[in-house]
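Construct the entire structure; sequences and hints are all you get.
Residue strings, one per chain:
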Amino acid sequence: MAKTPKDGGHDHSEDHGHDHSAAPMVDEISDFEILELAVRELAIEKGLFTAEDHRAFSEWNDARSPAAGARMVAKAWTDPAYRARVFADPLAASKEVGVDWSEPSGFGTTSDYMHLTVLEDTPTLHHVIVCTLCSCYPRPLLGHSPYWYRAPNYRRRIVRWPREVLAEFGLIIPPEVELRVEDSNAKSRFMVLPVRPEGTEGWTEEQLAEIVTRDCMIGIALPKPGRTTDGPRPIHKASRPVHSGGRPREAAQ
Amino acid sequence: MPSPKETRKIFDAGSHLMPAIHQAQDWPYEVPHTLYEAYIWPTHDVGGQPFAPQVFEEKEDEEWENNVYITCEVLGFRGMWNAEERRRRYANDIGMTLYYGFPYNARWIWGAAKMLVDKKYISLLELQGKIAEIRGRLGVNSTRRGHAPSNINHGTPAKIHTKTGKPTSGKYINYGPKPPWEPTGKRQPGRFKVGDRVRVKDLPAIFYTRTQMYVRNMTGTIAALTYPDLVPADEAWDRYDAPQEQYYIVRFKQKDLWAEYPFENDTLQSEYPDMWLEAAD
Numbered sequence: 001m002a003k004t005p006k007d008g009g010h011d012h013s014e015d016h017g018h019d020h021s022a023a024p025m026v027d028e029i030s031d032f033e034i035l036e037l038a039v040r041e042l043a044i045e046k047g048l049f050t051a052e053d054h055r056a057f058s059e060w061n062d063a064r065s066p067a068a069g070a071r072m073v074a075k076a077w078t079d080p081a082y083r084a085r086v087f088a089d090p091l092a093a094s095k096e097v098g099v100d101w102s103e104p105s106g107f108g109t110t111s112d113y114m115h116l117t118v119l120e121d122t123p124t125l126h127h128v129i130v131c132t133l134c135s136c137y138p139r140p141l142l143g144h145s146p147y148w149y150r151a152p153n154y155r156r157r158i159v160r161w162p163r164e165v166l167a168e169f170g171l172i173i174p175p176e177v178e179l180r181v182e183d184s185n186a187k188s189r190f191m192v193l194p195v196r197p198e199g200t201e202g203w204t205e206e207q208l209a210e211i212v213t214r215d216c217m218i219g220i221a222l223p224k225p226g227r228t229t230d231g232p233r234p235i236h237k238a239s240r241p242v243h244s245g246g247r248p249r250e251a252a253q
Numbered sequence: 001m002p003s004p005k006e007t008r009k010i011f012d013a014g015s016h017l018m019p020a021i022h023q024a025q026d027w028p029y030e031v032p033h034t035l036y037e038a039y040i041w042p043t044h045d046v047g048g049q050p051f052a053p054q055v056f057e058e059k060e061d062e063e064w065e066n067n068v069y070i071t072c073e074v075l076g077f078r079g080m081w082n083a084e085e086r087r088r089r090y091a092n093d094i095g096m097t098l099y100y101g102f103p104y105n106a107r108w109i110w111g112a113a114k115m116l117v118d119k120k121y122i123s124l125l126e127l128q129g130k131i132a133e134i135r136g137r138l139g140v141n142s143t144r145r146g147h148a149p150s151n152i153n154h155g156t157p158a159k160i161h162t163k164t165g166k167p168t169s170g171k172y173i174n175y176g177p178k179p180p181w182e183p184t185g186k187r188q189p190g191r192f193k194v195g196d197r198v199r200v201k202d203l204p205a206i207f208y209t210r211t212q213m214y215v216r217n218m219t220g221t222i223a224a225l226t227y228p229d230l231v232p233a234d235e236a237w238d239r240y241d242a243p244q245e246q247y248y249i250v251r252f253k254q255k256d257l258w259a260e261y262p263f264e265n266d267t268l269q270s271e272y273p274d275m276w277l278e279a280a281d
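Protein chains in written order, with my numbering: chain A, 1 to 253; chain B, 1 to 281.
If you're looking for bench data, these hints aren't it; they were derived computationally from the structure. Beta carbons are placed, not taken as given, at the ideal position from N, Cα and C, and that holds for glycine. You may find that some hints are simply not true.
[Said to hold, decoys possible] Okay, the calculated beta carbon distance ranges per label pair:
1) 89(A) x 279(B): 27 to 33 Å
2) 206(A) x 188(B): 43 to 49 Å
3) 198(A) x 55(B): 56 to 62 Å
4) 136(B) x 64(A): 34 to 40 Å
[To be verified] Looking from chain A toward chain B, a few residues come up when the C-beta cut is under 7 Å (computed):
5) 100
6) 103
7) 134
8) 156
9) 159
10) 234
11) 237
Okay, structure coming up:
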């Protein structure tokens with residue numbers, strides 16, 4: 001991993017007029033990293049949870065991805081009986097595509113609860129999800145929320161200027177279509193089931209799942225043939241990204 | 001010549017400048033009611049606040065951010081807190097300066113540390129000692145190898161304080177059939193059915209709420225009955241034996257929420273427990 005001096009390589013000599021005799025500023029560990037380690041180590045030392053708890057949840061977390069939600073949408077597009085189950089019993093329908101909301105604990109996760117509602121788009125109704133209060137999101141089906149979804153700007157504006165915000169994402173909703181914002185403020189979690197686009201007649205579930213991207217299930221984009229990625233959008237790269245489930249490299253493999 | 005990237009940086013810095021009216025705020029003798037409400041407005045409740053567009057950016061998780069998420073979730077599995085208490089702590093108790101000043105996951109771990117001290121799982125001195133120890137071990141200002149090495153021995157079993165479950169040899173850990181945050185109080189019968197017109201109450205916003213300011217005193221229609229559960233005001237303080245209320249999805253006309261809203265048919269839905277709603281004519 002590259003070690004970039006924080007000061008951009010400036011010479012810290014005596015001309016600064018104050019003491020720089022301490023160690024040079026090189027790729028510091030952040031205060032928040034230290035705080036997390038402190039909390040985790042104290043919790044384990046005190047027996048509040050085990051390192052195994054942390055490892056097991058990390059494994060579950062690593063397995064999350066919007067691919068699960070895409071499978072659910074694609075199956076609902078091709079199988080009318082399944083589509084009915086998606087609305088009648090979303091958790092069971094979720095399990096059918098391999099996502100058991102009771103994992104990884106037996107009662108789900110601390111943040112996600114077990115109340116899923118799938119929002120059905122039609123040619124005259126379009127849904128978009130938000131959590132104006134924090135960042136509630138259907139993690140078991142879609143993985144971690146994108147950063148902009150958690151950030152105040154989206155949360156502030158999408159409930160009041162939804163058409164403007166969607167346009168900023170490149171999605172124009174015709175005025176005759178009802179736009180419905182779902183503000184996920186309690187324990188229900190929501191995922192959008194978009195309308196199956198034209199030009200996909202005869203496609204297999206796998207082909208269809210390819211065009212159901214994360215943004216389509218949030219409701220800030222529509223699926224269409226040939227569109228298999230979200231964005232384009234600027235990406236802020238992590239300076240120390242998650243690896244091996246977010247565990248320190250020296251941890252037992 | 002600056003590069004285009006540097007020019008953009010200067011542009012961004014310039015556009016962050018905003019004039020501010022500075023008024024002495026040191027312990028005024030009186031606070032007018034409107035200002036009082038503004039002060040106590042729960043920090044996390046930002047829906048509908050005007051703001052200029054910003055670039056929607058995808059951000060990769062840092063390793064520490066991922067670790068914070070996992071640590072906070074696991075504290076929930078083991079009954080130290082629930083997500084509602086976590087949100088109260090990291091999004092409201094933290095205060096506006098840190099709410100906007102800290103990174104997203106920094107607030108989570110700040111809230112976790114404060115919770116452990118408040119509930120006497122650890123003492124403040126222990127926390128301070130541990131932070132100092134880790135700083136000494138890893139060395140602030142020292143070269144590091146891309147991540148924070150820890151002395152945690154993964155896989156070592158340790159004593160558990162709560163009685164919520166036991167490790168199994170399965171893929172994941174089975175913590176038992178019930179979450180530690182399972183409500184035990186009586187279920188109150190719901191008063192409303194789908195199609196009923198309801199108004200959201202405007203109870204004092206003091207300390208914590210999941211009822212957004214923008215829906216208060218607004219009238220909508222019950223769109224669905226969801227589940228019975230604790231109300232956030234109880235759950236955020238671990239009052240698991242408090243009464244359980246029926247929750248509802250309420251549908252509002254956007255034009256009813258925002259007078260200036262230009263599209264007739266657009267709607268907004270959100271979810272509330274029975275006690276936050278009253279029958280509207």
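Here is how each hint holds up against the structure:
no. : hint                        : verdict
1   : 89(A) x 279(B): 27 to 33 Å  : holds, 31 Å
2   : 206(A) x 188(B): 43 to 49 Å : holds, 47 Å
3   : 198(A) x 55(B): 56 to 62 Å  : violated, 32 Å
4   : 136(B) x 64(A): 34 to 40 Å  : holds, 36 Å
5   : 100                         : violated, 10 Å
6   : 103                         : holds, 6 Å
7   : 134                         : holds, 5 Å
8   : 156                         : holds, 4 Å
9   : 159                         : holds, 5 Å
10  : 234                         : holds, 5 Å
11  : 237                         : holds, 6 Å
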